[in-house]
Amino acid sequence: MPAIDLSTTPLRALNQSLHALAEGSSETEWEVLNPDGRHAVAVGIDAPVSVDIRGPVGYYCGGMNKQATVTVHGSAGPGVAENMMSGKVVIKGDVSQYAGATGRGGMLVVEGNAASRCGISMKGIDIVVKGSIGHMSAFMAQTGNLVVLGDAGDALGDSIYEARLFVRGNVQSLGADCVQKEMRDEHLELLEDLLQRSGITGVKPSEFRRYGSARKLYNFNIDNADAY
Amino acid sequence: MCGIVGLFLKNEALEPQLGALTSAMLATMCERGPDSAGFAVYGQSLDGEAKITLQSSSPEVDFPALAKALENEIAGAVNLTQRATHAVLTCQRDELDTIRAAVRRLAPSVRVMGVGEAIEIYKEVGYPTAVAERFELKSMKGTHAIGHTRMATESAVTTLGAHPFSTGPDQCLVHNGSLSNHNNLRRSLAHDGIQLETQNDSEVAAAYLTWRMKQGLDLGQALEKSLDDLDGFFTFVVGTKNGFGVLRDPIACKPAVLAETDDYVAFGSEYRALVGLPGIDTAKVWEPEPATVYFWER
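Chains as they are written, first to last, in the working numbering: chain S, 35 to 262; chain E, 841 to 1138.
Worth flagging that the hints you see were computed from the coordinates, not collected in a lab.
Check the hints yourself; a few may be wrong.
Subject to a maximum C-alpha distance of 25 angstroms in a straight line, what follows is the list of computed DMTMM-like cross-link-like pairs (lysine to aspartate or glutamate) [what the hints assert, rightly or not]:
(1) E:Lys-1124 with S:Glu-145
(2) E:Lys-1094 with S:Asp-185
(3) S:Lys-164 with E:Glu-964
(4) E:Lys-1124 with S:Asp-185
(5) E:Lys-1094 with S:Asp-70
(6) S:Lys-126 with E:Asp-1121
(7) S:Lys-164 with E:Glu-1129
(8) E:Lys-1124 with S:Asp-70
With the rest of the complex left out, here is chain S:
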């Protein structure tokens, strides 16, 4: 199991080693020590490996991730898992603003709280936050799911398209064109699956409320529903 100590190895060397992983490589478990808040740790991976980062990271950790499972045993700075394509990013602590921004796929699990703009412009990513999220979260969220076990700040889902938002706690306020929606069986099933995949037990899907677009702000055409 490769263990990279960032206090002695340059960050670029770590990321290049991760990018150079050939298909079928046996080096599937990586450990990163002393990240000390560095930016862009374990970005742009495209391999089915797991990377365990021992300590807090700075901006953009796990950005553009494909296939890999990146776990931060600490907190993360702004833009964690930004534009993730697939795979999984797990943060054991809190995350700063715009976590999971523009993510197209994969799953982001935040075990602590997320600050403002969580899931901004999300495009297919699933984001599960065990704590609370800050203001302007899911702004212009296009598709994907945002699950929040705690509370949501002001202007949740402002100018939202077709992403689904599930909040268990209080919502401080809803943004423009975001409304509470009926929780149907299909949504309960979806939530059940999301909670299970993010390792959450003891929380029932029925405890959540669903929010989404009122479809008054953008030109929603039912013929395009399958695109989301």
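Starting from the known structure of chain S, arrange chain E on it as the hints suggest.
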């Protein structure tokens, strides 16, 4: 961008290390603000004494000349400690206004960076680590310090445009962000007799808080008021003789991290700034909430 660091000590045993800790924090924020840097250090205040931090672009000529002229003026010894382009003039507190006026008259090219019982302010154009080294930040002692690395947006890269800004005794402010109503505010402050040195937006924020505190508010209350009156993006860290405050605007897009232990409160634009602090692994570390005043006082 811009980088901010701040350290407010609760444990006296750390006071000899204040400069060294602040210097290490500042060094991590170089990329965020490579234009210029500055810091305010709140040292020990001696009873009845006050300090004036001066700056000159020709310190070798100006400071000895000023010291001599002042000695003639007051017919006594003048305590002037030079550090590179800056010098700290110590005097009796009741003489402060007289001395300050004398400095202005005797050495018009010398600028007053700050006055107070505890505060010393040093700032210059240059790479932050070089600036810190020039002023020997590492060797400074004190109770709290606030530092800034600047990437200029609103006004020129000059010594006076660097942070911190001090607009009242023992007060200072550093800013990451940009204000959009600073010109209007500068005019209304001028109506109330508050003169500003620069065209910089952050100086207006500092002067605004000074103005509010002159009206009798404490720093925490002044910061609350600023949420109504300042328009723009900001993360502020402010210092007074005994206090340390943090405020982010309601949008809060400028980064901020706070850490607290039994020994200190620390601020960094990023976690990187806090990595070297003693006991950071077990500290309470959090991102300050938008539009929420954080204020500590000893």
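Exercise. Is Lys-164 of chain S close enough to Glu-1129 of chain E, meaning Cα to Cα at most 25 angstroms?
Worked result: holds (18 angstroms)
For this session: Take the C-alpha atoms of Lys-1094 of chain E and Asp-185 of chain S, compute the straight-line distance between them, and say whether it is at most 25 angstroms.
Result: holds (23 angstroms)
Problem set entry | Restraint check for Lys-1094 of chain E with Asp-70 of chain S, where alpha carbons must lie at most 25 angstroms apart | holds (20 angstroms)
Exercise. CA of Lys-164 of chain S to CA of Glu-964 of chain E, is that 25 angstroms or under?
Worked result: violated (45 angstroms)
Exercise. Is the straight-line distance between the alpha-carbon of Lys-126 of chain S and that of Asp-1121 of chain E 25 angstroms or less?
Worked result: Holds - the C-alpha atoms of Asp-1121 of chain E and Lys-126 of chain S are around 15 angstroms apart, at most 25 angstroms.
Exercise. Regarding the pair Lys-1124 of chain E and Asp-185 of chain S, is the alpha-carbon distance no greater than 25 angstroms?
Worked result: Satisfied, since the Cα-Cα distance of roughly 21 angstroms is no more than 25 angstroms.
Exercise. Has the given pair, Lys-1124 of chain E with Glu-145 of chain S, been kept, meaning a C-alpha gap of at most 25 angstroms?
Worked result: Answer holds: Lys-1124 of chain E to Glu-145 of chain S is near 16 angstroms, not above 25 angstroms.
Problem set entry | Agreement of Lys-1124 of chain E and Asp-70 of chain S with the hint, judged by alpha carbon distance not exceeding 25 angstroms | Status holds; Cα separation ~16 angstroms.
Checked against the numbered hints given earlier, this structure breaks only hint 3.
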